[in-house]
Amino acid sequence: GAGVSQSPSNKVTEKGKDVELRCDPISGHTALYWYRQSLGQGLEFLIYFQGNSAPDKSGLPSDRFSAERTGGSVSTLTIQRTQQEDSAVYLCASSLGGYGEQYFGPGTRLTVT
Amino acid sequence: DQQVKQNSPSLSVQEGRISILNCDYTNSMFDYFLWYKKYPAEGPTFLISISSIKDKNEDGRFTVFLNKSAKHLSLHIVPSQPGDSAVYFCAASNPYSGSARQLTFGSGTQLTVLP
Numbered sequence: 001g002a003g004v005s006q007s008p009s010n011k012v013t014e015k016g017k018d019v020e021l022r023c024d025p026i027s028g029h030t031a032l033y034w035y036r037q038s039l040g041q042g043l044e045f046l047i048y049f050q051g052n053s054a055p056d057k058s059g060l061p062s063d064r065f066s067a068e069r070t071g072g073s074v075s076t077l078t079i080q081r082t083q084q085e086d087s088a089v090y091l092c093a094s095s096l097g098g099y100g101e102q103y104f105g106p107g108t109r110l111t112v113t
Numbered sequence: 114d115q116q117v118k119q120n121s122p123s124l125s126v127q128e129g130r131i132s133i134l135n136c137d138y139t140n141s142m143f144d145y146f147l148w149y150k151k152y153p154a155e156g157p158t159f160l161i162s163i164s165s166i167k168d169k170n171e172d173g174r175f176t177v178f179l180n181k182s183a184k185h186l187s188l189h190i191v192p193s194q195p196g197d198s199a200v201y202f203c204a205a206s207n208p209y210s211g212s213a214r215q216l217t218f219g220s221g222t223q224l225t226v227l228p
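So the sequences go chain by chain: A and B. Sequential numbering of the first sequence, starting at 1, is according to this note's numbering. Sequential numbering of the second sequence, starting at 114, is according to this note's numbering.
Treat the hints loosely; a few may be bogus.
Stated by the list, open to error - The calculated label-pair distances, taken between Cβ atoms and stated as ranges, are:
1. S38/A - S187/B: 21 to 29 Å
2. N10/A - E128/B: 30 to 38 Å
3. D172/B - K15/A: 39 to 47 Å
4. Q84/A - Q223/B: 22 to 30 Å
5. E44/A - M142/B: 12 to 20 Å
6. N10/A - Q223/B: 18 to 26 Å
7. Q127/B - T70/A: 34 to 42 Å
8. K15/A - R130/B: 17 to 25 Å
9. Q127/B - N10/A: 34 to 42 Å
Since the hints were made in silico from the structure, they are not lab data. Backbone N, C-alpha and C fix where the C-beta goes; we use that ideal spot for every residue, glycine too.
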């Protein structure tokens, strides 16, 4: 009965470095979402995976951001050449199908120095 | 352009009283609205939702009201308990957006219930 897990919980990186954030969705959930929450802001949609369909990348803020989902389960969000404005909490959610209730992980707090 | 707005960043209420959290939206295409609750160092957890065909949905101490003409929804918690202290996010979805249930979130309201 494990929920959505994310790793690492905290990541501090230097400006210009690449980072990888990992999300393990709830087993059996076909839909997976990435959001980010910047300080004082609401959650901002980044990308959505549903089954074997092409991901919806409409929320990615720049081409430095990419994500993949291997085997329809684990997902990795990669940020290349990090900038200070990338500092935020990155949240992953999964759901049973595209219209199911979204269950969120605890997030990864990214700090770019 | 914020499509979902929570204009009160914080709210304090006495235990046992009613808490009313407000949310306004601008996109008339939104057809489904949700409230999430978030404790520190945890992800948001789903609380209650309402479809645009309804104007009220109740679940125990929690009731969500939707006023489509005013593009306004509110969450009522009665009676409020200290364990309700958390950040509450309003969210909305648009069935015509790219993702089936991509959620647009407000910036949250920190509720503090005083014992």
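Original post:
Which numbered hints turn out to be false for this structure?
Top reply: 7 and 8
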